[in-house]
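As a plain string of letters, each chain reads:
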Amino acid sequence: MKLDRTSFAILAMGAILLIAGPALPSWMVSMLNVSLCYGTVVLGMMLLMRNGIVSFGHGLYFCLGAYAAGLLDQMLKMPDMLLMVGAAVVVTGVVSAILGLLLAKYRDIFFAMLSLAFSMILYGLLVKTASLGSTDGFNVAAKTVAGFAVAPESQRLMVYSLAVVFATVSAFFLHSYLASHQGRLAGAIKDNELRVEYMGASVMRAVHRNYVISAVLAGIGGALMAVNIGHIDPEMTYWPQSGEFVFVAILSGTGSVFAPLGGALVFEAIRSFAYEYSPNTWQMVLGITMLLVMIFLPGGLWSLFTRKREG
Amino acid sequence: MSQFIAVLVDGIVYSSWLFIIAVGLTLIYGVMKILNIAHGSLYALGAFTSVTLCGLWFNAGLPPMGSYLMLLLSAILVGLVAGPVIERGLLRFMYGKDEVVLVLVTYALFLILEDLIKLIWGVDPLFITGPGGESPYSLLGNFEVAGLTYPNYNLVLIAVAVATGGALAWALARTRSGKLLLAVIHDREVSAALGINVGRIYFVTFTIGAMLAGVGGALTAPTVSVVTGMGAEVIVLAFAVVVIGGLGSLPGAALGALIVGLVRAAAVHYLPEVELFSIYFVMAVVLILRPKGLFSGAEVRKI
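Going down the list, the protein sequences come from chains A and B.
The letter at position 166 of the first sequence is residue 166 when you use the numbering used here, and the numbering goes up by one with no holes.
The letter at position 59 of the second sequence is residue 1059 when you use the numbering used here, and the numbering goes up by one with no holes.
In case anyone wonders, no lab produced these hints; they're calculated from the structure.
Certain hints may be false.
What the hints assert, rightly or not - Computed list of lysine-lysine pairs in DSS-like fashion (alpha-carbon distance at most 27 Å, straight line): (1) K1292/B - K1118/B; (2) K1033/B - K105/A; (3) K105/A - K1097/B; (4) K1118/B - K190/A; (5) K1292/B - K1097/B.
Unchecked claim - Interface residues of chain B toward chain A, partial, derived using beta-carbon atoms under 7 Å: (6) E1099; (7) L1276; (8) I1288.
Said to hold, decoys possible - Residues of chain B clear of chain A, computed beta-carbon distances all greater than 10 Å: (9) A1006; (10) V1007; (11) G1055; (12) V1085; (13) P1131; (14) Y1153; (15) A1232; (16) H1269; (17) P1272; (18) S1278; (19) A1284; (20) K1292.
Glycine residues also receive a C-beta, built at the ideal position from the N, C-alpha and C atoms.
Based on the provided sequences and hints, a complete structural model is requested.
Okay, here's the thing in structure tokens:
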């Protein structure tokens, strides 16, 4: 694997966030933590958007990942953070591999609608499952990491560090995937699928692979979010949650793997401050931001950086 | 047997309600190719407006029967105020963009309208009841089927659904403007070249669509507690209905509403655990088997 500038930058970012963790004020750790979870999910959204596909149901995998983590704690009594993320990867990988077979044939709003339907099916199931707390969900607590017990006072920092590690690793691998032969097909598929087929590549297979990768990323994000918040509920697969991921992806743009991570941080900052100062208008702030970005910055916030570099 | 009849009655009432909500969505998509997420907010706007207007009516001590007029007036108000503002102020700058981009634009609009509603009406649940406990829901009395009692208000829902569907079908097939509309649906550019004022058609369509969403909200308001977030719940249901029937198809919306309504009623009576699940399951199955919905014709391929 060849390491380019971006790969180094990703690793450097991860290292800085890890080292700075203990020194940061706790509000900043929380904000970074949530943005890293979101950012990981949006990395997957970005991969899909590079194929010209928008999923309005990625809450499905976000929620599946979170419930996989939660059930590991509740049913199997194995509250280990690494195992939780592992469980999320396995569950979302398997489910998306199956659903992906169907979805890979769909484009545009039909893809959006079918993915929405799948996520709402999970919502319908969870809301009526009394043993999993119905609409209230249940609490999740991670007590060990790779078998080692974590002291309660250092738990927050541990969860944060784990989010940093997983987000960094996800971004690192997604970046090298996007630069690879397979990854570069995404842009070609967006431009013209027929040409891709004539070149001898299978569009179906490429879209399916990208869908599974994006689902697994959403699952990792969901599991991290579950341990971070300590509580999960079916709202995670309700459509406004999926809409939020789309929002962050639009805000970020698809220019680089840094875009979703940075975009998630900006989103979290907007949300925190808007929520702090006017709890009843923060959605309005988001909506207006989204419109402005779509009108004036179709390439997302990331296009601000690339433009500068070209000029 | 009585349970079967209950499923049938509930199903038809629920279908009528669904049709009223979904028909505006399918109309807007059919003409403008916009899958309007903000339709849910327009529905909520209709519900909140009718709470205010009915409240004013009751408090003025006017005859309770007039509250029905207030419901109608709320829907018209929503259509005539919100519709033009949204279409002229935002959507007209977006025509010609990708369908997915348009969905996202209306999603942003949905977020804005949700908070606008909170700003105007607050976050507490509201109810339509007069000082003496009158409500448009109970004013009309009840009817009985197979030993079960239903409020006559349900018949109003059915009547409105049938009238709306009939009026739209008639207008599309028999009137001059309806035919112009069909021409625009078929080919926007050629229609424009032939002298049809496409912008005006879009404007009118969106206003009517918004009004239909308002009708849905206003008619729902007396039957539930009017809360913020009601739009989010309804818009996915409406999506399910129009996607099952075929996006942009009027008979499709009717069939979709009937299917979802009956499926849900059956689920509620026989297997309450799968109530929500069943609706989206049907939606997914239809999308898998017939991606363009049940009522989609062969697509004209444009190179």
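We went through each hint and held it up to the structure:
1. For the suggested pair K1292/B and K1118/B, the alpha carbons sit about 36 Å apart, so the restraint of at most 27 Å is broken.
2. Distance restraint check for K1033/B and K105/A: the Cα-Cα separation of roughly 21 Å lies within the 27 Å cut-off, and the hinted pair is therefore satisfied.
3. At most 27 Å may separate the alpha-carbon atoms for a hinted pair to count; K105/A and K1097/B meet this at roughly 23 Å.
4. A hinted pair counts as satisfied when its Cα atoms are at most 27 Å apart, and K1118/B with K190/A does not qualify at roughly 39 Å.
5. At roughly 21 Å between alpha-carbon atoms, K1292/B and K1097/B fall within 27 Å of each other, so this suggested pair holds.
6. Given hint, E1099/B at the interface with chain A, holds; its Cβ is 5 Å from that chain's nearest Cβ, closer than 7 Å.
7. A hinted interface residue such as L1276/B counts as satisfied when its beta carbon comes closer than 7 Å to some beta carbon of chain A; here the least separation is about 3 Å, so the hint holds.
8. For I1288/B, the shortest C-beta to C-beta distance to chain A is roughly 6 Å, which falls under 7 Å, so the interface hint holds.
9. With a least CB separation of 20 Å from chain A, A1006/B remains clear of the 10 Å interface cut-off, as annotated.
10. Consistency note on V1007/B: stated as away from chain A, and its beta-carbon is indeed over 10 Å from all of that chain's, at 19 Å minimum.
11. Every beta carbon of chain A lies more than 10 Å from that of G1055/B, the smallest distance being close to 21 Å; the non-interface claim holds.
12. The beta carbon of V1085/B is kept farther than 10 Å from every beta carbon of chain A, the shortest such distance being approximately 14 Å.
13. Every CB of chain A lies more than 10 Å from the CB of P1131/B, the least distance being 29 Å, so the non-interface label holds.
14. No Cβ of chain A comes within 10 Å of the Cβ of Y1153/B; the nearest lies about 27 Å off, and the non-interface call holds.
15. Listed as a non-interface residue, A1232/B fails to keep its Cβ farther than 10 Å from every Cβ of chain A; the least gap is roughly 6 Å.
16. At roughly 15 Å from the closest C-beta of chain A, the C-beta of H1269/B stays outside 10 Å, upholding its exclusion from the interface.
17. At roughly 8 Å, the least C-beta separation between P1272/B and chain A is not larger than 10 Å, which violates its mark as non-interface.
18. The Cβ of S1278/B sits about 8 Å from the closest Cβ of chain A, inside the 10 Å cut-off, so the non-interface label is violated.
19. In this structure A1284/B is not separated from chain A by more than 10 Å, as the shortest Cβ-Cβ distance comes to only about 4 Å.
20. Residue placement check: K1292/B does not keep its beta carbon more than 10 Å from all beta carbons of chain A (closest about 8 Å).
Hints 1, 4, 15, 17, 18, 19, 20, counting from the list given before, are not met by this structure.
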